[in-house]
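Asker: Sequence:
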Amino acid sequence: MRKIENVIKEVEVYLAILLVAFICIISFMKLIMRNFMSSDAAVDLSDDISKIIPHLILLLGFLGSSIGISRRETIQMDVLTRLYPPKFRALFIRLGYIMLAIMLAFTILFAYNSVSSMQDVKYWIYCAYIPVFAILLIKSIFVQFHPEDEDVEEHQVL
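Per the numbering used here, the very first residue in the sequence shown carries number 17; after that it's consecutive.
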């Protein structure tokens with residue numbers, strides 16, 4: 017199981033790198049087509065690229081969140097937790113992960129409702145990845161509650 021998790025983590029990193037490169041390339045293509053080509057096909061393709069880019073950026077956000085959670089390198093708002101003893105810090109960390117899991121459950125629900133109503137439209141292809149990556153993020157959160165590494169004692173919670 018641990019080997020599969022490591023492979024998934026590696027695939028997520030490479031996918032994020034490829035996605036950033038792809039976004040840069042198609043953004044540059046859009047710029048060239050919009051400003052230097054005046055044909056209707058170029059304008060239509062540029063409009064299609066404009067519709068795809070926000071979805072790719074959302075996908076990149078999901079990948080980045082999943083990678084950050086897997087590496088335990090997420091941004092944490094710890095101003096209040098520093099004021100309390102370590103026992104309460106662990107409670108705040110756990111509450112944060114529970115809130116994130118609830119948010120992701122709603123993301124899965126809303127994404128499924130969005131995708132299921134648009135299956136006859138090509139647009140649903142762009143949205144189909146949202147539930148998949150929300151599930152990957154939930155997987156990463158559960159890894160936080162069951163760490164198997166030796167160097168994560170500081171992340172152990174109650």
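Careful, some of the hints might be misleading.
Simulated DEER-style distance windows between Cβ atoms [unchecked claim]: (1) Phe-108 with Ala-37: 36 to 42 Å; (2) Ala-121 with Ile-24: 46 to 52 Å; (3) Ser-66 with Val-148: 19 to 25 Å; (4) Tyr-30 with Arg-110: 30 to 36 Å; (5) Ile-69 with Tyr-128: 44 to 50 Å.
Just so you know, the hints here were simulated from the structure itself, not pulled from any lab data.
Keep in mind that this is a model prediction, so the values were computed, not measured.
The beta carbon of each residue, even a glycine, is placed where N, CA and C say it ideally should be.
Asker: Okay, which hints does this one fail, numbers in order?
Answerer: 2 and 5
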